[in-house]
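> Turn these sequences into a full structure, and let the hints steer you where they fit.
If you read the protein sequences in the order shown, they are chains A and B. Taking this note's numbering, the leading residue of the first sequence gets 4, the next gets one more, and so forth. Taking this note's numbering, the leading residue of the second sequence gets 138, the next gets one more, and so forth.
Hints may contain errors.
Some chain A residues judged to face chain B by a derived CB distance under 7 Å, without partners named [to be verified]:
{"#": "1", "residue": "V34"}
{"#": "2", "residue": "E67"}
{"#": "3", "residue": "A84"}
{"#": "4", "residue": "A96"}
{"#": "5", "residue": "E100"}
{"#": "6", "residue": "I104"}
{"#": "7", "residue": "G107"}
{"#": "8", "residue": "H219"}
{"#": "9", "residue": "T225"}
{"#": "10", "residue": "M229"}
Every beta carbon over 10 Å from chain B, so not counted as near; a handful from chain A, in silico [as the list claims (entries may be wrong)]:
{"#": "11", "residue": "E7"}
{"#": "12", "residue": "A81"}
{"#": "13", "residue": "A82"}
{"#": "14", "residue": "V101"}
{"#": "15", "residue": "A123"}
{"#": "16", "residue": "R170"}
{"#": "17", "residue": "V298"}
{"#": "18", "residue": "I394"}
These are calculated hints, taken from the structure and not from any lab test. None of the values given here were measured: they were computed from a predicted structure. Ideal Cβ positions, reconstructed from N, Cα and C, are used throughout, including at glycine.
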Amino acid sequence: MRPEVIKEVTYVPYSGNMAAAEAMRQINPDVVAAYPITPQTELMQFFADFVANGLVDTEYIPVESEHSAMSACVGAAAAGARAMTATAGPGLAYMWEVLGIASGMRLPVVMTVVNRALSAPINIHGDQSDMMGARDQGWIMLFSENAEEQYDNLIQAIKIAEDERTRLPVMVGMDGFVVSHAIDRVRLLPDRAVEEFVGENKPMYSLLDVDNPVTHGAVAMTDSYMEFKRQQREAMLHAYKVIREVGEAFADVFGKKYEHIETYKTDDADYILIIIGSTAGTAKAVIDKVREKGVKVGLIKIRTFRPFPYYDVMDAIAASNCKAIGVFDRAETFGGAAGPLFGEVATAMFLRNKHYPMIDFIYGLGGRDTNVNHIEEAIDKVMKLAAGEEIPLVNYLNLRE
Amino acid sequence: MAEVKTAEIKLPPLKKLTNYPEKLAPGHRLCAGCGASIIIRQMYMVANALGYELIWANATGCVEVCTSIYPYTSWKSPWIHSAFENAAATIAGVEAAYKALKRKGKLPTDKKVKFVALGGDGGTYDIGFQSLSGALERGHDFIYVCYDNEAYMNTGIQRSSATPKYANTTTQPVGSESLGKPQHKKWMPEVAAAHGIPYVAQAAPSHWKDFMEKFKKALLTEGPSFINVFSVCPRGWRSKEEEGILVTKLAVETNYWPLFEVENGKWRITYRPKNPKPIEEFLKLQGRFKHLFKPGMESKIKELQDEVNRRWEWLNKLEQLSREV
Ligand SMILES: Cc1ncc(C[n+]2csc(CCOP(=O)(O)OP(=O)(O)O)c2C)c(N)n1
Ligand code: SF4
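Next comes the structure, spelled out in structure tokens:
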């Protein structure tokens with residue numbers, strides 16, 4: 004079914020996992036180390052097939068744990084190799100310590116995260132609490148709405164990570180099952196074009212350069228540690244520009260533009276929804292439907308979560324007729340005022356000193372379905388909020404209460 | 138399994154070995170008399186003599202913190218520290234990168250390199266056990282060297298599964314209701330050998346020729362090797378700084394620390410003390426066993442002696458058995 008060499012732009016019925024694996028085949032990383040976990044398992048099986056059939060010349064390491072997967076990626080990237088992996092939920096949690104090592108060492112590792120809930124209770128289905136939990140580990144974080152975006156984002160992630168100004172690892176999230184396993188129409192780019200787009204990795208301070216030995220991962224005492232961390236913040240600021248530039252370069256070559264956020268019908272919108280991931284797709288359909296009835300709703304989809312595009316979000320809101328905002332969080336922050344995305348949008352308002360009425364919707368935890376009715380229900384609440392009604396700060400969608 | 142070619146390649150005499158330039162720079166912060174730096178320098182002598190460049194992954198622990206305090210480094214070789222528990226997985230990534238980049242023609246040098254993971258007993262026997270086992274099983278071309286100082290020294294002499302029975306440690310201290318660590322030491326080289334890897338050895342820097350021969354074999358081995366090296370810790374063992382090699386020698390001469398190797402599944406004891414000394418000789422030089430020399434403790438010392446005898450006998454049987462099969 005799958006062509007071995009894609010010569011021209013091709014449209015295929017692919018799941019998110021297939022699309023991600025296909026991107027990895029075209030990127031042809033030097034080293035891939037991975038450990039299976041639902042719903043990522045399939046992705047690595049596809050990639051293992053490519054290895055087994057000689058379609059990539061990657062050194063593939065089927066490690067004994069996610070902790071070792073990320074550790075091997077750290078070693079490989081420090082050695083100057085292009086290193087990739089993929090994981091989900093508990094696997095990402097198990098990598099946690101090493102995530103900070105990859106970013107602290109400024110190693111351009113690229114990873115797919117098939118977003119999955121965290122235990123307990125154990126649940127294999129999709130939500131974004133895994134990446135939200137890893138939020139402060141210094142990784143650039145992109146999210147994809149669908150399979151094609153996962154494919155496009157992974158290709159861009161290589162360039163973003165390896166840019167000399169960033170040298171930061173990138174994780175690209177897609178919702179478990181609804182994106183990873185659902186078949187969608189995906190536009191594949193030609194192999195050669197992808198190869199040219201990602202270009203050569205130009206390693207810095209390779210461990211394999213025995214003539215110029217370097218020490219990676221030294222001890223930093225109180226006299227220097229903070230300076231290292233400050234530099235990481237600086238790199239994130241650069242990343243903001245780099246992600247934009249890479250998005251523009253992608254548009255130049257492949258005709259599809261990627262920005263930090265995607266806006267959908269926000270220009271004249273009275274009500275704005277802010278969403279990460281696949282539910283943005285559902286929301287677009289609902290927006291089309293309610294607009295027929297004259298309700299002017301718009302959507303801001305967050306693609307870049309780290310560095311968070313505060314001003315992009317505020318610019319989009321300011322350019323609309325916004326009367327109230329509904330933020331959608333597919334993760335909890337226990338003990339926080341509302342979900343993690345809500346916090347970011349609130350910060351964005353603070354930064355511009357411009358405040359809009361805003362409520363939060365917690366939805367889709369552990370794979371709980373969120374359908375058009377739930378989104379309509381949410382829009383209804385945002386409208387009431389705009390009309391001055393008192394609405395709780397945190398609202399659950401499709402929860403049995 | 139890969140053939141270990143050893144006989145043809147001879148190590149030069151000691152005088153020549155000590156003439157090679159040092160690659161662990163002086164000025165590191167390891168305690169005076171620490172066994173670990175002696176071990177590392179002996180490894181370098183072998184690598185230098187055979188023309189190998191070593192590329193290191195170091196687990197968190199004394200060696201790592203004492204040699205890499207920014208902006209200084211003691212390492213004149215490529216060196217990476219990632220975390221406490223993942224030296225083996227990290228070096229696996231480095232080795233995989235080497236293979237991939239070589240295959241793709243992206244590596245300019247044709248130097249002889251060898252990948253070495255270095256960890257203390259904590260990073261090896263305990264927390265790093267999983268990643269070590271995984272890397273051994275997958276057959277990466279690397280040498281894992283454990284400098285076994287029998288406790289978590291970096292964090293202040295806490296017990297590890299390598300701590301011998303009755304040793305005084307800060308997490309299982311001696312007290313009115315306690316004689317120190319209640320369990321015997323884990324037999325790690327035996328566990329490593331159970332992975333069926335081409336080369337496993339146990340060595341001690343007091344018997345430097347034996348250790349260097351073993352490290353030489355590991356260097357020449359394709360695939361994983363594991364070497365467990367006895368590493369005196371004057372600070373944690375409450376022994377005299379200047380007596381480190383003496384204590385090490387006594388560990389070997391009492392059969393507490395047998396020197397052996399497992400080459401392609403064949404067990405071989407590489408040194409047999411002519412008249413093994415009683416275990417007291419080893420214990421009495423160390424403050425961590427002081428409580429065993431109080432009146433009424435004779436049975437505890439006997440228990441340790443019995444364990445030494447039992448293990449020695451077991452090793453002899455393994456040697457005999459693997460000669461027969
Ligand atoms: C995940 C994790 N747990 C605990 C520690 C704290 N820690 C650092 S070094 C160390 C002990 C090291 O002991 P060992 O491996 O025996 O080496 P040594 O210090 O004796 O050389 C511990 C417990 C850590 N760095 N990381
Ligand atoms: S505490 Fe022990 S192992 Fe650590 S540096 Fe000092 S002597 Fe060496």
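> Checked against the structure, which of the hints given earlier come out wrong?
4, 7, 9, 10, 12, 13, 14
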